[in-house]
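*Asks:* Chain by chain, the residues:
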Amino acid sequence: MNNNFFSMFVPKKNEYFVLLSEMADAIVEVANLNIECITAETHEDIVEYSSKIREQKKIGSVLLGKIVRELHNTFVAPFDREDINNLAIYMKDVIDHISSCAKRFMMYSPKNMPSDSRLLAELVKDAAETIKKAINSLDMLKKNPQNITHLCKKLENIENNSDEIYENFLIKLFKEEKDAIEIIKLKDILYELEHATDSAEHVGKVIGTIVVKYA
Amino acid sequence: MNNNFFSMFVPKKNEYFVLLSEMADAIVEVANLNIECITAETHEDIVEYSSKIREQKKIGSVLLGKIVRELHNTFVAPFDREDINNLAIYMKDVIDHISSCAKRFMMYSPKNMPSDSRLLAELVKDAAETIKKAINSLDMLKKNPQNITHLCKKLENIENNSDEIYENFLIKLFKEEKDAIEIIKLKDILYELEHATDSAEHVGKVIGTIVVKYA
Amino acid sequence: MNNNFFSMFVPKKNEYFVLLSEMADAIVEVANLNIECITAETHEDIVEYSSKIREQKKIGSVLLGKIVRELHNTFVAPFDREDINNLAIYMKDVIDHISSCAKRFMMYSPKNMPSDSRLLAELVKDAAETIKKAINSLDMLKKNPQNITHLCKKLENIENNSDEIYENFLIKLFKEEKDAIEIIKLKDILYELEHATDSAEHVGKVIGTIVVKYA
Chain B
5 MNNNFFSMFV
15 PKKNEYFVLL
25 SEMADAIVEV
35 ANLNIECITA
45 ETHEDIVEYS
55 SKIREQKKIG
65 SVLLGKIVRE
75 LHNTFVAPFD
85 REDINNLAIY
95 MKDVIDHISS
105 CAKRFMMYSP
115 KNMPSDSRLL
125 AELVKDAAET
135 IKKAINSLDM
145 LKKNPQNITH
155 LCKKLENIEN
165 NSDEIYENFL
175 IKLFKEEKDA
185 IEIIKLKDIL
195 YELEHATDSA
205 EHVGKVIGTI
215 VVKYA
Chain H
5 MNNNFFSMFV
15 PKKNEYFVLL
25 SEMADAIVEV
35 ANLNIECITA
45 ETHEDIVEYS
55 SKIREQKKIG
65 SVLLGKIVRE
75 LHNTFVAPFD
85 REDINNLAIY
95 MKDVIDHISS
105 CAKRFMMYSP
115 KNMPSDSRLL
125 AELVKDAAET
135 IKKAINSLDM
145 LKKNPQNITH
155 LCKKLENIEN
165 NSDEIYENFL
175 IKLFKEEKDA
185 IEIIKLKDIL
195 YELEHATDSA
205 EHVGKVIGTI
215 VVKYA
Chain G
5 MNNNFFSMFV
15 PKKNEYFVLL
25 SEMADAIVEV
35 ANLNIECITA
45 ETHEDIVEYS
55 SKIREQKKIG
65 SVLLGKIVRE
75 LHNTFVAPFD
85 REDINNLAIY
95 MKDVIDHISS
105 CAKRFMMYSP
115 KNMPSDSRLL
125 AELVKDAAET
135 IKKAINSLDM
145 LKKNPQNITH
155 LCKKLENIEN
165 NSDEIYENFL
175 IKLFKEEKDA
185 IEIIKLKDIL
195 YELEHATDSA
205 EHVGKVIGTI
215 VVKYA
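Residue numbers (the numbering used here), protein chains in the order written: chain B, 5 to 219; chain H, 5 to 219; chain G, 5 to 219.
No lab work stands behind these hints: they were computed from the structure. Hints may be right or wrong, so weigh each one.
Identical chains share a label here; the pair holds if one copy fits it or two copies do between them.
[Unchecked claim] Think about it this way: if two alpha-carbon atoms lie no more than 20 Å apart in a straight line, the pair counts; the simulated SDA-like pairs of lysine to any residue are:
id, residue 1, residue 2
1, Lys129, Asn148
2, Lys107, Lys191
3, Lys62, Asn164
4, Lys115, Lys129
5, Lys136, Asn36
6, Lys217, Leu68
7, Lys147, Val22
8, Lys107, Tyr195
9, Lys61, Leu23
Since this is a predicted model, take the numbers as computed values, not measurements.
Required output: the full structure, derived from the provided sequences and hints.
*Replies:* As structure tokens, then:
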């Protein structure tokens, strides 16, 4: 793109960091939109937020495609190609699970959303912001590896919290809800949020591996 | 097998292409049988088509095993071993999802199948035939890469269509069906068809990667 | 750890074998606890066995982390690193599916458990013990490869049996159970056991690959 004469003298940020950082932005964006979506009061709002989420999901797909192509085409990868590949795939998984939550909410129209859904969506947002911080620290990995390790640990904790909330939600759901169709709906919708934090933890694990190898 | 004196003078088609092509045939076969199965009018017919599908699934397992073993034993792979491995795995996934659809249909005996199931099954058949064309073009990759890229793009479009049909089906299902057990059954059965087109798109993505590397 | 003067003269068992063997022990332990759990008569017992299973799951996570780190840090791996990596992941999957079964049983409190759940849990236990035998034979692979191949074949047979039991269970469930909520519960709980044997078969496939390469 910028291959004109002057760009030769400007140090170019490694393309991988740019793409991964854009993917992290999409994760944060989709996590915020998801909270708007599942707390929206009218069906029109739900449809609107869902379609914005769908746009972010498409951006995520394009970014994943670019990263995978870069891995085949270029010679200079800052880390093991396999780690970058897994990182991109798991980041895309976070987006996919969040967008599945919003889509199911829109399609199923449950009678009402339990307060646990809001709690889980907030945890997902927290995970998204943690991923963004970790990814944006990767290009200065050697300066402060402890900081990145701390963020990976935080993703693990978020997953544990999310696991516990989802578990308690299910116990309550099967104890209190007598309408099987509502059970199907809510179980499916909140499941995606719990899995979004699982994928976020996987992102943390890959980043942890990179820290071990390169810090 | 054909290592007699004369076979030495016959150019041998690369074993990978033969095995992948046989796997593609099994996909097409299972997609056709699935349409017969889910539109069959008697339980005997359903059981019969299910058992034919099960046979194709076994053939797929044997082929996958052969391909994986070839990757360890032989020196000449036409493409990256990892790509061939992924290709075989995703092709087997297509077979597995289609056969799960038929098996669930047989096991669950839903009261009636929605017209969307037929639409999805036709898309799956279209995807199967597209995979077959793409696989059979792989050994002449350099001659016409645009053609293969076009087929990969088609697999992506089929997945998008299938996604939309499944989504609309779910919206209708939760709006109209009041019997929770029927919801469980139909949601599960059609889910497998939607996922068969997902796996078909994955096949397309791997083929696209091979085109980028070798065309 | 044992890097004192004398340990230099003691032949050290390859660390991978030690870790994989500990993972196999955790699988056997969790399979046994699961049988206790799903046949327990009081809710207190169910909660107690569930929490013991959770402990084993944590041990599995720690072992998986150690194995993955060893793969990056050390030079001497007895087999292809990718095979060891897949082996550890699939072994952990066996633990995860078994512990999901127990957790769901505890959370959902189904009215009663079908006899098929006991049959499946026994098959899972059989698979766990078979994995343990195969793993513990890996360090003497060249002495008796036929024995290991036989154990891998056994894991495949167990999966086929488990598939058939789960299938018949579903047919009966949808024919006889009229309470949709009970269907959701039992289908989900037994699904995990069927998937535990799937993962056990994957373990067998990876071991089979190792035998082909190194025996």
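*Asks:* Please go over all the hints and tell whether each is borne out by the structure.
*Replies:* Comparing the hints with the structure gives:
no.: 1; hint: Lys129 - Asn148; verdict: neither (24 Å within a copy, 46 Å between copies)
no.: 2; hint: Lys107 - Lys191; verdict: both (14 Å within a copy, 15 Å between copies)
no.: 3; hint: Lys62 - Asn164; verdict: between (29 Å within a copy, 12 Å between copies)
no.: 4; hint: Lys115 - Lys129; verdict: neither (24 Å within a copy, 37 Å between copies)
no.: 5; hint: Lys136 - Asn36; verdict: within (13 Å within a copy, 42 Å between copies)
no.: 6; hint: Lys217 - Leu68; verdict: between (23 Å within a copy, 17 Å between copies)
no.: 7; hint: Lys147 - Val22; verdict: within (19 Å within a copy, 35 Å between copies)
no.: 8; hint: Lys107 - Tyr195; verdict: both (13 Å within a copy, 15 Å between copies)
no.: 9; hint: Lys61 - Leu23; verdict: within (15 Å within a copy, 35 Å between copies)
Hint violations for this structure: numbers 1, 4, all remaining hints satisfied.
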